[in-house]
Amino acid sequence: MTRENFQKLSAALLLIVSFGLPLVLRSPTYLHILILLYLYAYLTTSWNLVGGFAGVLPLGHAAFFGIGAYTSTVLFLQYGISPWIGMVLGGIMASIVGVIIGLPTFKMRGAYFALATIAFGEGMRVMVENIDYLGPFNLNGPRGLQIPPLNVGLANLMFVNKEPYYYIILIMLIAVLMLTYTISCSKLGYYLNAGGEEPEAAKALGVNVARCKLIAMAMSSFLTALAGVFYAQLTLFIHPKSVISLDLSFEIAFIALIGGRGSIAGPVLGALLLRPVSDFSRIYFGHILPGLHLIIFGTVLILVMIFQPRGLQEPLTKAYHRLLDRLTEKPTEKE
Amino acid sequence: MWFIAEDLINGILMGAIYGLTALGLTVIFGVLKVINFAHGSLLMVGMFVAYWAVTLSGLHPYLALILVIPIMFFFGYYLQDIVIKPIFKAEKDVREPITVIIVTTGLWYILDNLTLLIFGPQYRNIQDNPLRGKMLEIGGMFISVPKLWGFSAAILTALAIYWFLQRTRMGRAIRATSLDRDAASLMGIKQYKVYNIAFGIGTAAAGIAGVTLVPFYNVFPSVGVLFDIKGFIIVVLGGLGSISGAILGGMIIGVIESVGPQFMTATWTEGIVYALFLLVLFVKPSGLFGVRYDW
Numbered sequence: 004m005t006r007e008n009f010q011k012l013s014a015a016l017l018l019i020v021s022f023g024l025p026l027v028l029r030s031p032t033y034l035h036i037l038i039l040l041y042l043y044a045y046l047t048t049s050w051n052l053v054g055g056f057a058g059v060l061p062l063g064h065a066a067f068f069g070i071g072a073y074t075s076t077v078l079f080l081q082y083g084i085s086p087w088i089g090m091v092l093g094g095i096m097a098s099i100v101g102v103i104i105g106l107p108t109f110k111m112r113g114a115y116f117a118l119a120t121i122a123f124g125e126g127m128r129v130m131v132e133n134i135d136y137l138g139p140f141n142l143n144g145p146r147g148l149q150i151p152p153l154n155v156g157l158a159n160l161m162f163v164n165k166e167p168y169y170y171i172i173l174i175m176l177i178a179v180l181m182l183t184y185t186i187s188c189s190k191l192g193y194y195l196n197a198g199g200e201e202p203e204a205a206k207a208l209g210v211n212v213a214r215c216k217l218i219a220m221a222m223s224s225f226l227t228a229l230a231g232v233f234y235a236q237l238t239l240f241i242h243p244k245s246v247i248s249l250d251l252s253f254e255i256a257f258i259a260l261i262g263g264r265g266s267i268a269g270p271v272l273g274a275l276l277l278r279p280v281s282d283f284s285r286i287y288f289g290h291i292l293p294g295l296h297l298i299i300f301g302t303v304l305i306l307v308m309i310f311q312p313r314g315l316q317e318p319l320t321k322a323y324h325r326l327l328d329r330l331t332e333k334p335t336e337k338e
Numbered sequence: 012m013w014f015i016a017e018d019l020i021n022g023i024l025m026g027a028i029y030g031l032t033a034l035g036l037t038v039i040f041g042v043l044k045v046i047n048f049a050h051g052s053l054l055m056v057g058m059f060v061a062y063w064a065v066t067l068s069g070l071h072p073y074l075a076l077i078l079v080i081p082i083m084f085f086f087g088y089y090l091q092d093i094v095i096k097p098i099f100k101a102e103k104d105v106r107e108p109i110t111v112i113i114v115t116t117g118l119w120y121i122l123d124n125l126t127l128l129i130f131g132p133q134y135r136n137i138q139d140n141p142l143r144g145k146m147l148e149i150g151g152m153f154i155s156v157p158k159l160w161g162f163s164a165a166i167l168t169a170l171a172i173y174w175f176l177q178r179t180r181m182g183r184a185i186r187a188t189s190l191d192r193d194a195a196s197l198m199g200i201k202q203y204k205v206y207n208i209a210f211g212i213g214t215a216a217a218g219i220a221g222v223t224l225v226p227f228y229n230v231f232p233s234v235g236v237l238f239d240i241k242g243f244i245i246v247v248l249g250g251l252g253s254i255s256g257a258i259l260g261g262m263i264i265g266v267i268e269s270v271g272p273q274f275m276t277a278t279w280t281e282g283i284v285y286a287l288f289l290l291v292l293f294v295k296p297s298g299l300f301g302v303r304y305d306w
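Just so you know, the protein sequences line up as chains R and F, in that order. Residues in the first sequence are numbered from 4 upward in steps of one, following this note's numbering. Residues in the second sequence are numbered from 12 upward in steps of one, following this note's numbering.
Isolated chain R (complex conformation):
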């Protein structure tokens, strides 16, 4: 078996397993855990477009998540507009806000950018918490919005069982991974990388670094807003502290950083490794050892930053390639 065939085979196997999983795994709890895992993998991959490729540290992505969730929910509750259309509108809203906030902030240096995005995210939460009516739109302030589960079905992105949610977020995740891959191979990807590593040199070579970062920001905020809509439809209840929280912004960024920013597999690997840790330690130790998952999280974060600053994807891809060598060597010798 050649190397390419082996890789194709393992990718196909991975797809079959992930699509077939709900047929075997009937427990809604575990499905919910998997849905959240994919949701986080999706969010970190979207974050990676700015935080990884553009080389800055945005810590306010929950704001875009919240814009998506609130736009679709308000439109659905007040005007009966399907959340699918809400996704598009919420995404557009988020990318407009993303560009507006990106224009001044991308000029800032490392730490200032991180602080500005934190203030932006927190400011957004304070605003939503204090506004009951934004013009004709009812945001309901700190009490949040509840979606009554009446017209269940694909048209309203609302289901009784967990399986449809599972497939939707899985497809969203695959799509965003393909998009990231396309971008990383495109001119924009190279420009972003160059601008992130050596902005002065990239500018000297004629790369419009600021414009590339803005495009990345617009895409990243658009994609994050879609996840917000999905989350609103999954939980059917949103409030400012749940969808625009600082914790969410930090978790997205740190899962991506532990996995490895700037790579395609990194953020997904980070979610794959860390989400189960946090879910299971919360389920089994939550009542006796509160906050255990965050201690693990923090420790892993520090260790990774000290010993593997490029994230866990680096040693893992190396190990994978070694495995690939061992598995594919012998058959080729026989041929």
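Some clues are possibly wrong.
Straight-line distance between alpha carbons at most 25 Å, and here's what the computed SDA-like set of lysine to any residue pairs gives [stated by the list, open to error]:
#1 R/Lys110 with F/Asp92
#2 R/Lys110 with F/Lys204
#3 F/Lys204 with F/Ala286
#4 F/Lys204 with R/Ile309
#5 R/Lys244 with F/Ile283
#6 F/Lys96 with R/Lys110
#7 F/Lys295 with R/Ile309
#8 F/Lys100 with F/Arg183
#9 F/Lys204 with R/Phe310
Some chain R residues close to chain F (C-beta under 7 Å, calculated; not the full set) [to be verified]:
#10 Gly144
#11 Gly147
#12 Leu148
#13 Ile150
#14 Ile299
#15 Ile305
Honestly, the hints are just simulated from the structure, not real lab data. Idealized CB from N, CA, C, for every residue including glycine.
Dock chain F against the given chain R, drawing on the hints supplied.
Relative to the frame of chain R, chain F by itself:
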């Protein structure tokens, strides 16, 4: 107009305490050029140390300083020595290493949740506290006594740090390192030791802030988060690395928070603070008072 004057004074007093909580942040940034995201957690640790010192000994809350200052100094000293130094060594030529931000956030998670694990989530406050709820009446205005104490502690701490940096040999070494760490190393200054000491001073300042807060504030594991973001805002308003800027920036926030509710819903003041912060970041990132470093 009397009630506005009363709010103004209480705002300035509380603001100076906010400034004190941010003082360590600005010292650490001035020398290490990193924003310590774990600063709120260090403040929380300081509050816990102060709480236990006062509760177990039954002394006046401010006498806890004798214990809190050395404990927090060495805590910060070794925290920097063990956890943060390896990253500086790995990223020698980066002036403003972003990795350190991430590591300090990891520290924040660990410290907050370890405290939660050990002491539980309940709110604590000092029993039989001589300062709690005391008010001073001046011409119809009521001024909180523990905040007056906190205000004096803030001014004294700022002056003491300023004096230390200006007048002592170690202070001069710290200032030299903050200006140019490579040149300072060439002059025979041990760069990492200076970092350790600066981090220790910053942590001790957080400990002092903890002592001033304990008499009128609840102690609980996530209390640091309330002051963390506020601290970032204060130091940017006042100019990162500036000591007087931190106290003045704190006073601005304190006044907005206490006078603001006369004109709007109290929760909106937080929004005003964030808006002001973003405005300063966009327009004048070196801070409102235009000082780059005042040491």
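_Under the constraints set out in the numbered hints, which ones does this structure not fulfil?_
1, 2, 3, 6, 7, 10, 11, 12, 13 and 14
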